[in-house]
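**Student:** Sequence:
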Amino acid sequence: MMERYGSMARYVMVMVLVVCMNGLAVGQEVRQSLFTEAEEAAFAARKAQADILAPKSFGTAMGYYADADAGFEKGNNIEKIKGKLDDAVKYFNKSVEVATLSNITFPDTIKARIDALKADCLEFSPALWAKGEEIFKKAGVQLEKKGVAAAQKSGEEALALYREAELDAIGNRLLNGVRAHIKAAEEAKALEFAPKTLQSAKYLLQNAEEVLVQDRYDTEPVEDLARMAGYEARHALYLSNQFNKIKSKATTLEDYVLDFEGIMERIAIPADVVAEFDNGVHKTAVEIIEYIEHARNLAAENARLEEMLGNVRTDKLALKEQVETQAIIREKFEQVDTLFTREQAQVFREGNNIYLRMVGLSFDVGQSVLKPQNYGLLTKALGAIKIFPGSRVIVEGHTDSQGSDKLNLKLSRERAEVVREYIVANMDMAPERSSSEGYGKARPIANNETAEGRAMNRRIDIVIIPNLEQMVAPDGP
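Read left to right, the sequence shown gives residues 1 to 477 (full-length UniProt numbering).
The calculated DSS-like cross-link candidates involving lysine-lysine, where the alpha carbons are at most 30 Å apart (straight line), are:
no., residue 1, residue 2
1, K131, K118
2, K94, K138
3, K47, K153
4, K90, K138
5, K82, K94
Keep in mind the hints are simulated off the structure, nothing from the lab.
Given only the sequences and the hints, what does the whole structure look like? Please build it.
**Tutor:** Spelled out as structure tokens, the structure:
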């Protein structure tokens, strides 16, 4: 019997939980359907910064929203809750309109506010920031109530406060550490024991503040002055602590001086200087300085000699490579020279370039078509080019003086190009590694007044420009 009652009780509890959970789910669905529009309007208002730029309308909207939320929690009439939410949406939308107007009315103030935030005003100038926010919200209220003219004065006041807060925040971020060091030195009686050093720190701090006022966005010189001021302040603190120890008899002036002289002695040892202090530290200090300057001069001279030696090594290496290159070119030139008879081609050098003057290559009068009997000679030219892997090739066409300049120039270009095309077609050579040029009768090598001279001037020259780096490379051909 007891077991049956226990089972019934558990069943009832489960059913109650199910009903409650269903009720919660239904409640959430009802709330979502009621509040979604107002929440979206609130999000849009915050995105437009209406809480700052239109505080009156935004605050009114939030009031209606809070009333609707409280009424829903209490289970108030749905229509009444919906009316509150409709009012909230209306005022949220109005706040967005006012915020848009504020952006037009207060563009400089809004920019100053953004700059102040970027300068970390919330951390480094909270009082001025809060005052600026207060005045700017006041300007927003005035804009809503009385219009643009009435809000201008508060907007300008907020602008000045934001700019002041920005400058104050930048200065505090860069200089508060220095100020803390100066305060610590003053508390250690630096005014009494290290007045010159303390005054130097304060002077540098004042300079940093003045430079910051002149240009708050160029912080590099301010940071440099702050570093120097911080050092002087810490130096003043150290000196004050030492004098305080002497004054409190924690140490003596003699101990302090002897400790300093001991440091000088340790420095003097590697400088091979005998440290003597019977007439003060000046003599020993001068000798150490002279040693350091002499060592520095030696180091500079060594560096200069090393540079000269390096240049000599470089020049020697370059000369060696040049000699090796010339030897290789000379050897390959001899190989090329053996390929041709004097009737086929004249082989000569200009600098590192190899010239094949194809005296055995002929064209019909006025024509630029290769004849079959020329193929054997051109095959030898291909072999010559292959002796210089990676080289560039220029084919030059020339004519004698007979005929018009225009016709000769055209004919020389066509003949040079047809030879170039033959070379590219019969070799594994990228087209960009070859070119052709026609000079007409502009570059004679013999007298055009004789038949023999004119025959020599009608010619094709193949210029081979070696790839010197590939020729001397360790893994090159």
